[in-house]
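Note that the protein sequences, when read in sequence, are chains S and U.
The first sequence begins at 1 in the numbering used here and counts up by one.
The second sequence begins at 456 in the numbering used here and counts up by one.
These aren't lab readings, by the way, just hints derived from the structure by calculation.
Glycine included, every Cβ here is placed at the ideal spot set by N, Cα and C.
Incorrect hints may appear among the rest.
[Said to hold, decoys possible] Keeping only pairs whose Cα atoms sit at most 27 Å apart, straight-line, the calculated DSS-like set for lysine-lysine is:
| no. | chain 1 | residue 1 | chain 2 | residue 2 |
| --- | --- | --- | --- | --- |
| 1 | S | LYS333 | U | LYS738 |
| 2 | U | LYS850 | S | LYS360 |
| 3 | S | LYS326 | S | LYS286 |
| 4 | S | LYS283 | U | LYS781 |
[Said to hold, decoys possible] Residues from chain S that keep clear of chain U, each with C-beta distances beyond 10 Å, as calculated:
| no. | residue |
| --- | --- |
| 5 | GLU50 |
| 6 | ALA62 |
| 7 | ILE77 |
| 8 | VAL82 |
| 9 | LEU211 |
| 10 | PRO222 |
| 11 | LYS321 |
| 12 | THR331 |
| 13 | TYR347 |
| 14 | VAL396 |
Below are the chains, spelled out letter by letter.
There are 2 protein chains.
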Amino acid sequence: MFGVILAGGSGSRLWPLSRELYPKQLINFNTEKSLIQSTFERLNKFIPSENIISVTNTKHHANVKMQLGQAGENSIILSEPVSKNTAPAIALSVKYIIETTEDDETVLVVPSDLLIENDEKFIQSIHDAQKYVEDGYIVTFGIKPNYPETGFGYIRCIDGKVQGFTEKPDNQTAEKYLQEKDYYWNSGIFMFKVSTLIEELEHYCPEISSLIRNIKCSESIPFNEFDKMPNISIDYAVMEKSQKIAMVELQSDWKDLGSWQSIYEVSPKDENGNVFVGHVLDKSSKNSFVYSSSKLVATIGLEDTVIVETEDAILACKKDKTQEVKQIYETLKEQQDGTQMVHKTVYRPWGFYTVIAEGKGFQTKLIHVNVGQKLSVQSHNHRSEHWVVLSGMAKVVLEGKDHILSPGHSIDIGVKAIHSLQNPYEQDLEIIEIQKGDILSEDDIVRYEDIYGRV
Amino acid sequence: MFGVILAGGSGSRLWPLSRELYPKQLINFNTEKSLIQSTFERLNKFIPSENIISVTNTKHHANVKMQLGQAGENSIILSEPVSKNTAPAIALSVKYIIETTEDDETVLVVPSDLLIENDEKFIQSIHDAQKYVEDGYIVTFGIKPNYPETGFGYIRCIDGKVQGFTEKPDNQTAEKYLQEKDYYWNSGIFMFKVSTLIEELEHYCPEISSLIRNIKCSESIPFNEFDKMPNISIDYAVMEKSQKIAMVELQSDWKDLGSWQSIYEVSPKDENGNVFVGHVLDKSSKNSFVYSSSKLVATIGLEDTVIVETEDAILACKKDKTQEVKQIYETLKEQQDGTQMVHKTVYRPWGFYTVIAEGKGFQTKLIHVNVGQKLSVQSHNHRSEHWVVLSGMAKVVLEGKDHILSPGHSIDIGVKAIHSLQNPYEQDLEIIEIQKGDILSEDDIVRYEDIYGRV
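With the rest of the complex left out, here is chain S (with noise of 0.2 Å):
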């Protein structure tokens, strides 16, 4: 069995927490874990991790990587060099399979943002639906709803026989299907034989099935080819249309954490119905949700509230106008205001840093380089940097000349001059860094290979 988790969303409706360069399933909600690290350590119980496949954006690669860590080092990551909705996701996945072993796999397809409670129920569920998989059924999960949600797919099922697909309805509608019990939430969850799926795409999404033949699959995948597949859901392309659906009810408990709403019903509340998360002084507020993420929230009286505080941002909404956090995403990035595109801490291969601070002509970053790695080999056309050493050794090369800094101790890289920061030491490194120049732009780089021929 192979299990592929969808990791390429943006998660725009979780703004100003979730970024488009940092999603919403990398983050963590007050838990230990991100939703991608949970949904792989779930699939991981009962397949191989050389067997799992993330599907995500390039933009995505360095920090899905970073966060599947030891455990998915044999997992697979495929980066798509253009986000083109599911079912192309699932197709390059498919295709990858194929390319990979000659067998007529199952697999199990798992969107990254869903939060399952009781795993031994999910993997029942799987079990359940395993006979329709070698049946020749595309296998879809159903959830019994208990409240007439207006933000999810509804799949009608009557006899276990599916009877068609809704996208999210209007609140009529949705008390309507409650009432009738023959509608379950669209879960998102599918499960297939490779040979089953690429029948049912041959059949009604020609254009996919075509286009998926030409692409050789590694973990980067041509922009040229790949731009080409049409923007359409896996079920618009297939479910939809093809006659050999079956459904299977999910036992466990689901929740779809689309929204600061649904992240507030699945987080512990206080006896005024309140979630606190971080630095929060309250007076009076009831059923509020209120995470501050560094700097002190104070609330008084608020009712039915969100307040989400970060870095460069703040989120201040009724608890039931959630939903409409996207449009106020969309509107920020038509403005291009950056403030829905990058969080101020930014994860790269060596380690990472947190813009703390902006202003004209300066720019102050903390970065932080892990033990035993390095910063490539470069120089900046129109800025100088200064370092100051906070914790942990530095090895800095300035124009050929090494510098071994321990903690206080600072030094100039001049405009043009050619640098590099290196960690060979057993402590991680932080460094405060001052970029100082009238054009401050993470463009202004120019590299050079290392001794050893890499860039």
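Given chain S, put chain U in place with the hints provided.
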């Protein structure tokens, strides 16, 4: 005539914009001028600046002086070494007037945190009060209520004769006062002859009266003398007891900017009744006040809510609960949080600094040194400092040796190294300072005399 501006308050109900060390009278609430600047200008229309006395706390002296600027260059600032409410502050001003002139002057006392819209009507009311003042009365100014405010004191006045004072009433009482029509809001503005106040103080508050006799007024008041003063308001010390009280109705538009709700009330609103200041992105909020001082604040569907964003703290509060901000402030004070005390920008005689980032073992400041200014010669026992010049030129004296730094250049100041920072040039100097050390405290400073013997 003398004018006295009471400018010692802390404005805790306007936290987090107002801080213990940067209180509301110093703040621009989306206006060109701060409250103390507007108050000074209003008095200066009919009182020469050398007859205007600002009574403030030692902590705010530098800020008040800076804000009064050129127009207030000849005006008097009396700095209380400890805050003791309005009676000692007024007594202090009167003592200063007695020491300065032999005439029995008329004194107009005005709080620094009132918004008065119509200066002509204000001056007319002052004029109307003059006859009572001449007859030996202390005149208090009352405002006809137009709604049942519970946050103000009330004056009962029938046929120009004051019947009594009431502290902040409950809702029901405030409603009754509004109906009965002989109740007025107490504006906190007073007018009297020096001789009248001295007489009434001697009669009703001999404690202040005898203490004030021994205090020699200068710009710095001795702590030992002033600390003996009772912490008592002028209303309680004199107004509520004296038989010589008259009331004049203040005709001009008048607002006590004592809470975020009142700031909201006086601000121009959009068609949905919202007030947005700074970088705010809203969807469908109503009757709300959103103030962003730096970060993006995105709001969705809020109603009657106040959001105030500052560098280090965020307030989110139901509009009718803004009186309770004071309790948040008091809690922070008890917790020694620090967030109630300083803003991250601190003004000094030589310029200002802003704490732009703090972390374990380090602190980063942007330091702005005005043209021709310098900081004291100093050293630190527990931290090293690293300075990078952003703009202007810096003269640094480090262990007796001069260093001239232009933009982009830096210098390390070791632990215990004796150093001073100077800007003897024609342009303001901006540097980034990184402090590094296990103990980072403003108190870790040893000051030395400079070559002229000044500390």
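Results for each hint:
no.: 1; hint: S/LYS333 x U/LYS738; result: 16 Å, holds
no.: 2; hint: U/LYS850 x S/LYS360; result: 22 Å, holds
no.: 3; hint: S/LYS326 x S/LYS286; result: 25 Å, holds
no.: 4; hint: S/LYS283 x U/LYS781; result: 11 Å, holds
no.: 5; hint: GLU50; result: 40 Å, holds
no.: 6; hint: ALA62; result: 24 Å, holds
no.: 7; hint: ILE77; result: 32 Å, holds
no.: 8; hint: VAL82; result: 27 Å, holds
no.: 9; hint: LEU211; result: 38 Å, holds
no.: 10; hint: PRO222; result: 37 Å, holds
no.: 11; hint: LYS321; result: 4 Å, violated
no.: 12; hint: THR331; result: 6 Å, violated
no.: 13; hint: TYR347; result: 18 Å, holds
no.: 14; hint: VAL396; result: 15 Å, holds
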